[in-house]
Amino acid sequence: MKPDTVLVDRSVRRAIIDDITIPHDDNLVKAEKEKSVRRAIIVDITIPHDDNLVKAEMEKVTKYLDLAHEITAMWNVESTVIFLIVVSVNGLLAKSFDQHLKKLSLGCWIKGRMQRAVVLETARIVRIFLTMEP
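Here the working numbering = 1-based position in the sequence shown + 972.
It is worth saying that the hints were derived from the structure and are not from the lab. Note that the Cβ used here is the ideal one computed from N, Cα and C, for glycine as well. Certain hints may be false.
Distance condition first, Cα-Cα at most 30 Å in a straight line; then the derived BS3-like pairs of lysine-lysine [as the list claims (entries may be wrong)]:
1. 1067 x 1083
2. 1075 x 1027
3. 1074 x 1035
4. 1074 x 1027
Per label pair, the in silico range of CB-to-CB distance [unchecked claim]:
5. 1042 x 1008: 17 to 25 Å
6. 1015 x 1093: 17 to 25 Å
7. 1024 x 1096: 15 to 23 Å
8. 1068 x 1010: 23 to 31 Å
9. 1038 x 1102: 36 to 44 Å
10. 1105 x 1082: 32 to 40 Å
11. 1034 x 1009: 19 to 27 Å
12. 1042 x 1062: 30 to 38 Å
Build out the structure end to end from the sequences listed, making use of the hints.
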């Protein structure tokens, strides 16, 4: 059985095919083609419950370490960087959130938009649940 394609990056023109199961399709992998630095970037967006914020972040780090080493070897890049965007269902942010935004060159304006999007989606799910017929 052929493994599923995780993501096709049009700028790199290469599909990532791996035998490691990746639970969600919200993961982004990109290889930079700068002449000075060849590195791959893995971005994972996670929305756990408030109680599991730190646990979810640690699980994602350990889960992607093997994949990062494999990508580094397969793509012949100098390094693979893992960025985790962790926002809880109630809009709480992981401590590393600001640090990852800076490294991704994203402004602080995106923080409020992400929190708003997560809280609105949580409210939508709760509204659907509460209007269900028994």
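Do the hints match the structure? See the list:
1. With a C-alpha separation of about 13 Å, the suggested pairing of residue 1067 with residue 1083 holds against the 30 Å cut-off.
2. Distance check on the hinted pair: residue 1075 and residue 1027 sit about 22 Å apart at the alpha-carbon level, within 30 Å; holds.
3. Taken as a hint, the residue 1074 and residue 1035 pair is honoured in the structure, with Cα atoms around 23 Å apart against an allowance of 30 Å.
4. Taking the CA atoms of residue 1074 and residue 1027, the gap is about 23 Å. The hint holds against a cut of 30 Å.
5. Take residue 1042 and residue 1008: their Cβ atoms lie about 24 Å apart, and the range 17 to 25 Å holds.
6. Between residue 1015 and residue 1093, the C-beta spacing of about 19 Å keeps the proposed range 17 to 25 Å intact.
7. Take residue 1024 and residue 1096: their Cβ atoms lie about 21 Å apart, and the range 15 to 23 Å holds.
8. For the hinted restraint 23 to 31 Å between residue 1068 and residue 1010, the CB-CB distance of approximately 25 Å keeps it satisfied.
9. At roughly 41 Å, the beta-carbon separation of residue 1038 and residue 1102 lies within the given 36 to 44 Å, and the hint holds.
10. Residue 1105 and residue 1082 have their C-beta atoms about 39 Å apart, which keeps the hinted 32 to 40 Å range intact.
11. Between residue 1034 and residue 1009 the CB atoms are about 26 Å apart, so this pair conforms to the stated range of 19 to 27 Å.
12. Checked against the hint of 30 to 38 Å, the pair residue 1042 and residue 1062 passes, with Cβ atoms roughly 35 Å apart.
Against the hints set out earlier in the document, no violation occurs for any number.
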